[in-house]
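*Asks:* Chain by chain, the residues run as shown.
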Amino acid sequence: MHELSLAQAVVRLVEEAARRHGAVQVRSVRLQVGVLTDLDPEAFRFGWEVITAEHPLLAGAAVWIDRVPVTVCCRDCGREGPARPPGVLCGACGSHRTQVLSGEELDVAEVELDVRESGCAAEGAS
Amino acid sequence: MSVKVDVQQKVLHENSRLAEELRQRWQRRGVFCLNVISSPGAGKTTLLERTLERLAGRLKAAVLVGDLQTENDARRLGRYGFPVRQIITGGTCHLEARMITDHLAAVDQPDLDLLIIENVGNLVCPSSYDLGEDAKVVLLSTVEGDDKPLKYPGIFRRSRAVVFTKTDLLGLTDFDIERAEANARSLNPEIRSFRVSNRTGEGLDGWISWLTDEVAKKRSQATQRE
Numbered sequence: 001m002h003e004l005s006l007a008q009a010v011v012r013l014v015e016e017a018a019r020r021h022g023a024v025q026v027r028s029v030r031l032q033v034g035v036l037t038d039l040d041p042e043a044f045r046f047g048w049e050v051i052t053a054e055h056p057l058l059a060g061a062a063v064w065i066d067r068v069p070v071t072v073c074c075r076d077c078g079r080e081g082p083a084r085p086p087g088v089l090c091g092a093c094g095s096h097r098t099q100v101l102s103g104e105e106l107d108v109a110e111v112e113l114d115v116r117e118s119g120c121a122a123e124g125a126s
Numbered sequence: 001m002s003v004k005v006d007v008q009q010k011v012l013h014e015n016s017r018l019a020e021e022l023r024q025r026w027q028r029r030g031v032f033c034l035n036v037i038s039s040p041g042a043g044k045t046t047l048l049e050r051t052l053e054r055l056a057g058r059l060k061a062a063v064l065v066g067d068l069q070t071e072n073d074a075r076r077l078g079r080y081g082f083p084v085r086q087i088i089t090g091g092t093c094h095l096e097a098r099m100i101t102d103h104l105a106a107v108d109q110p111d112l113d114l115l116i117i118e119n120v121g122n123l124v125c126p127s128s129y130d131l132g133e134d135a136k137v138v139l140l141s142t143v144e145g146d147d148k149p150l151k152y153p154g155i156f157r158r159s160r161a162v163v164f165t166k167t168d169l170l171g172l173t174d175f176d177i178e179r180a181e182a183n184a185r186s187l188n189p190e191i192r193s194f195r196v197s198n199r200t201g202e203g204l205d206g207w208i209s210w211l212t213d214e215v216a217k218k219r220s221q222a223t224q225r226e
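Chains as they are written, first to last, in the working numbering: chain A, 1 to 126; chain B, 1 to 226.
These aren't lab readings, by the way, just hints derived from the structure by calculation.
Keep in mind that a hint or two might mislead.
[Claimed, not checked] Derived EDC-like pairs: lysine to aspartate or glutamate, alpha-carbon spacing no greater than 16 Å straight-line:
#1 218/B x 49/B
#2 10/B x 16/A
#3 60/B x 181/B
#4 60/B x 73/B
#5 60/B x 108/B
#6 4/B x 105/A
#7 10/B x 104/A
#8 151/B x 130/B
#9 218/B x 202/B
#10 4/B x 16/A
#11 151/B x 40/A
#12 10/B x 114/A
#13 4/B x 117/A
#14 4/B x 114/A
#15 10/B x 105/A
#16 60/B x 111/B
#17 10/B x 117/A
#18 60/B x 130/B
#19 60/B x 213/B
#20 218/B x 102/B
#21 4/B x 80/A
#22 10/B x 134/B
#23 4/B x 104/A
#24 151/B x 38/A
#25 218/B x 134/B
#26 10/B x 3/A
#27 4/B x 38/A
#28 10/B x 110/A
#29 217/B x 130/B
#30 217/B x 134/B
[Unchecked claim] Footprint (simulated), chain B over chain A, 3 or more residues, beta carbon under 8 Å:
#31 45-58
#32 61-69
#33 73-82
Note that the Cβ used here is the ideal one computed from N, Cα and C, for glycine as well.
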């Protein structure tokens, strides 16, 4: 259950992004999660909801999770492309000697924010 | 007004940053850092007891050991003359780089050669958190399934070595060590493999000599740079 720790880390990144853009509310968060990344989306959503339930900016924000497929570069046949499941075998020749190019991501890709009409940060009020 | 903002930030960025700081520190000082991972009960603490016993007087080691609760492991590992610190995670299923940074002062010493981190017993979560180590080592005991590598590919792909423990029980269970090794190699062809019985001591020599070679290599790289 490290999903709770991961949800906390996502909350921190989203809070920073929201502050930078003077958001009054976060509507949604899009994550990119590689197929090789050990993350259970249901456990993550549960953790996310618990942490953000009372959060002034993040309460009710939707979470979208894009799974990124595994691609590898083969050190035997030299091809780059999708891996052969399960694991990280070369999709072309089946070799084990591959380097993972994608599929290990755990990134906050995009956030959708409600901002004030002016788009200015909320410090204002001079 | 609602806007979409491109963020493109790694969720574990802060952990990676701290881990990189630790890695640079160990590189500068020539300290070899080991991150030991397995499911609960595979024999991490016992392997480390046998290891510390054999390293006593040969090099300067220190141990950080993570558990959800209790100081039991630190007490066991503290009998061999090396500084040991328990990290009680209070429920967190893995160690994070921040915990290493926070507890390091209790065991660090200027002429340290080897830092051993015993992670929380878990084959999933610890594999995602870089602790600034030179090598992850995964243990698999002969009372577990020989298909564990295929079920938990992340940790077997990211480990430099696998130690099969409790080999004195081979034949009493259905564990096929050749199959387990083949499964680990199918995910990670370069993984080093050791077969050890902590009870009889069989196979410990190979493990210790790999470890001391790695420590010596790290030390000589740092000396050459000076």
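*Asks:* None of the hints should be skipped; say for each whether it holds.
*Replies:* Taking the hints in turn, this is what the structure says about them:
no. : hint          : result
1   : 218/B x 49/B  : violated (23 Å)
2   : 10/B x 16/A   : holds (13 Å)
3   : 60/B x 181/B  : violated (32 Å)
4   : 60/B x 73/B   : violated (20 Å)
5   : 60/B x 108/B  : holds (10 Å)
6   : 4/B x 105/A   : violated (21 Å)
7   : 10/B x 104/A  : holds (11 Å)
8   : 151/B x 130/B : violated (21 Å)
9   : 218/B x 202/B : violated (27 Å)
10  : 4/B x 16/A    : holds (15 Å)
11  : 151/B x 40/A  : holds (15 Å)
12  : 10/B x 114/A  : violated (23 Å)
13  : 4/B x 117/A   : holds (14 Å)
14  : 4/B x 114/A   : holds (9 Å)
15  : 10/B x 105/A  : holds (8 Å)
16  : 60/B x 111/B  : holds (7 Å)
17  : 10/B x 117/A  : violated (30 Å)
18  : 60/B x 130/B  : violated (23 Å)
19  : 60/B x 213/B  : holds (14 Å)
20  : 218/B x 102/B : violated (24 Å)
21  : 4/B x 80/A    : violated (32 Å)
22  : 10/B x 134/B  : violated (22 Å)
23  : 4/B x 104/A   : violated (24 Å)
24  : 151/B x 38/A  : holds (12 Å)
25  : 218/B x 134/B : holds (9 Å)
26  : 10/B x 3/A    : holds (15 Å)
27  : 4/B x 38/A    : violated (27 Å)
28  : 10/B x 110/A  : holds (12 Å)
29  : 217/B x 130/B : violated (21 Å)
30  : 217/B x 134/B : holds (11 Å)
31  : 45-58         : violated (count 0)
32  : 61-69         : violated (count 0)
33  : 73-82         : violated (count 0)
Against the hints set out earlier in the document, violations occur for numbers 1, 3, 4, 6, 8, 9, 12, 17, 18, 20, 21, 22, 23, 27, 29, 31, 32 and 33.
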